[in-house]
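Asks: Sequence:
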Amino acid sequence: MLRPPTGEEPKVGANCEPIPTGEGARTARGCASGKRSSGMHAATNLEDHTRRYGLPPLYASLLLEGLNMELARQLVRESALASLVLLVGCGKGTPPAGMTDAASSSEKTPVSAKGIAPPSHTDDERERNTTLSCERKAEDECIQKSKSSPTYFATQRQKIGNSPFDVRVERVWIKGTCHKGDVPAKREDSEGLKVIIEGKGTYKGDDLLTQASLDGVLYLDTGGERFVAMRAEDRAYSYWGGTKEVSKLLPRVRGSDPWAKGQERSFHWESRALNEAFCEVKPKEFGVILELDVFGAKTTTQNYPIKHVPVEWDEVVGMAARERVTVRRPKGEKYVDEAADSYFTRLDKALIVGESGKPEWVSHASLVQPEFFKPGSAAKFPAKVESAQWAVTVNGITTAKDFGGYLPAGEDQFVAILDVEIEFKNTPDAKGKDPKPAKAKSVGFKLETSPGTWRDVLGKATGQLDGTTEIQPGNKVAGKLAFARQRFERPFRLQVSTPDRSTLFAEVFTYDVKPERWK
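Using this note's numbering, the first residue of the sequence shown is number -2, and each one after it goes up by one.
Calculated from the structure, these hints are not laboratory results. Warning: the hint list may mix true and false statements.
The calculated lysine-lysine pairs, modelled on DSBU-like cross-linking and capped at a C-alpha distance of 30 Å, are [unchecked claim]:
1. Lys156 to Lys258
2. Lys355 to Lys398
3. Lys346 to Lys191
4. Lys398 to Lys457
5. Lys457 to Lys477
6. Lys346 to Lys295
7. Lys381 to Lys443
8. Lys197 to Lys346
9. Lys371 to Lys346
10. Lys436 to Lys371
11. Lys331 to Lys197
12. Lys430 to Lys381
13. Lys457 to Lys436
14. Lys177 to Lys331
15. Lys183 to Lys422
16. Lys328 to Lys279
17. Lys381 to Lys422
18. Lys438 to Lys473
19. Lys172 to Lys511
20. Lys381 to Lys433
21. Lys443 to Lys457
Quick list of simulated restraints, FRET-style, between CB atoms [unchecked claim]:
22. Asp497 to Thr450: 55 to 65 Å
23. Glu467 to Gly329: 54 to 64 Å
24. Lys438 to Glu188: 35 to 45 Å
In this text, all values refer to a predicted model and were calculated from it rather than measured experimentally. By construction, the Cβ of each residue, glycine as well, lies at the ideal position given by its N, Cα and C atoms.
From just these sequences and the hints, can you work out the full model?
Replies: Here it is, written out as structure tokens:
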């Protein structure tokens, strides 16, 4: 959080008005920027704040840390008593003058937010954690009110060109997982989905920035009346105390290392986790507005939208990403950059082929990509791979709930069905001998349904290619192969193992195979 030097007069936000307190009028920035107040108050410590405004210690600490009072007043006007108790009732004592009777009456019947224990002034650790929980709740309420409309994001995009920063995005990925389990009763909650962005920013303004913090918002346009918005994850809190900075500039901007014109700094940005229920819906638009809050030697606190980063929702289940990338590999205490071609991406993994010529899934954190991956082309059918004596052609891939009497156990399980053709070439073997007839099952198949996860052919599904069928040299056999697949999986490759000890990979990726609830 940015704070001005001691003694500087507080500023008033665009959407705020003076809010009376016990001993005078104070101002708050409100929700104009979609986040908590930046703490621009003359009082700089808890004791001074308590004495000056006549507030109990815990409530004064909330104000000192930048609790948005305009939001509290809005909740009072709307009679949102439960939320008001969370904002005002977290501390003891009487709310500031200017609050309505609804606020005072709420203290007579304490109501605690779920998961927040009543504070104890004899337990500093408990009080601090309660304060942080209340503050986080206030921020969530604020962002829902001010950053949940298409107008906000349209306005922020227009402002990006006027910011004094040049931003280069080097990698973007989605971290997390969708829910798993055969049926809802067996599903386990996941940590949800969050977007991570890394890159570099160059300051091109004329001021000397003494403080700067990375902010922003993740948004989804689901086609409703508002955008779903998740703000940046700025701090990770531990119950036992201590914090970890999540979204940050490297190195951080401080008095001994101010950000001057022309200087470049790296950044790491993470959104707060998005509920895994959104895996079920494909949004119309999905992206991030990166923002910077800065404080300079010549200017007061400013908020700048600095970059609009589109994110492809298809990466949740898998997407073709045919780009030239750089892989940063560790070598001793240093790193070596290697050029590679990318083929597919899913969540935090990307399939690349580097100097070794072998395909491998690598972490997005080790890639430098061109801004962000754009949807690449799907596989073209028929897709053919061949060895010296064998050729396998995939004519297409479909998905169904069941196949050949095989019914998956749960509603999240499905069957991927491949239409294949096997050809036994009339080619002499390595010793120059003419080939002998072979059975279809002498060719092995596996299907990759997620990074590094390979499925065997379903043995219990009837109507598939008969493995006992004999193939004469120079002839072909055709049929279908069935593989198990989960709702949030898209098949990437078919692995083919031939009798002449060759391992082949056929691309079978298609956007037509998607979560069944997507429209």
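Asks: Assuming the hint says 54 to 64 Å, is it satisfied by the Cβ distance from Glu467 to Gly329 or not?
Replies: About 55 Å separates the Cβ atoms of Glu467 and Gly329, which means 54 to 64 Å holds.
Asks: When you check the alpha-carbon spacing of Lys183 and Lys422, does it fall within 30 Å?
Replies: Violated: Lys183 and Lys422 sit about 48 Å apart, past 30 Å.
Asks: Given the hint that Lys457 pairs with Lys436, test it: the Cα-Cα distance must not exceed 30 Å.
Replies: At roughly 20 Å apart (the allowed maximum being 30 Å), Lys436 and Lys457 satisfy the hint.
Asks: Note whether the CB distance of Lys438 and Glu188 lies within 35 to 45 Å or breaks it.
Replies: holds, 42 Å
Asks: Is it true that the CA of Lys197 sits at most 30 Å from the CA of Lys346?
Replies: holds, 22 Å
Asks: With the threshold set at 30 Å, check whether the alpha-carbon distance from Lys346 to Lys295 stays at or below it.
Replies: violated, 44 Å
Asks: Check the hint pairing Lys172 with Lys511 against an upper bound of 30 Å on the C-alpha distance.
Replies: Distance of about 19 Å is within 30 Å: holds.
Asks: Against the 30 Å threshold, does the CA-CA distance of Lys381 and Lys433 hold or violate the hint?
Replies: Answer holds: Lys381 to Lys433 is near 23 Å, not above 30 Å.
Asks: Hint check: Lys381 vs Lys422, CA-CA at most 30 Å. Holds or violated?
Replies: Holds, at about 14 Å.
Asks: Is it true that the CA of Lys156 sits at most 30 Å from the CA of Lys258?
Replies: This hinted pair holds, its Cα atoms lying about 20 Å apart.
Asks: So if I understand the rule, the pair passes when the alpha-carbon distance is 30 Å or less; does Lys457 with Lys477 pass?
Replies: holds, 14 Å
Asks: Does the structure keep Lys436 and Lys371 at a Cα separation of 30 Å or less?
Replies: Violated, at roughly 43 Å.
Taken one by one, the earlier hints fail for this structure at numbers 2, 6, 10, 14, 15, 16, 22, listed in ascending order.
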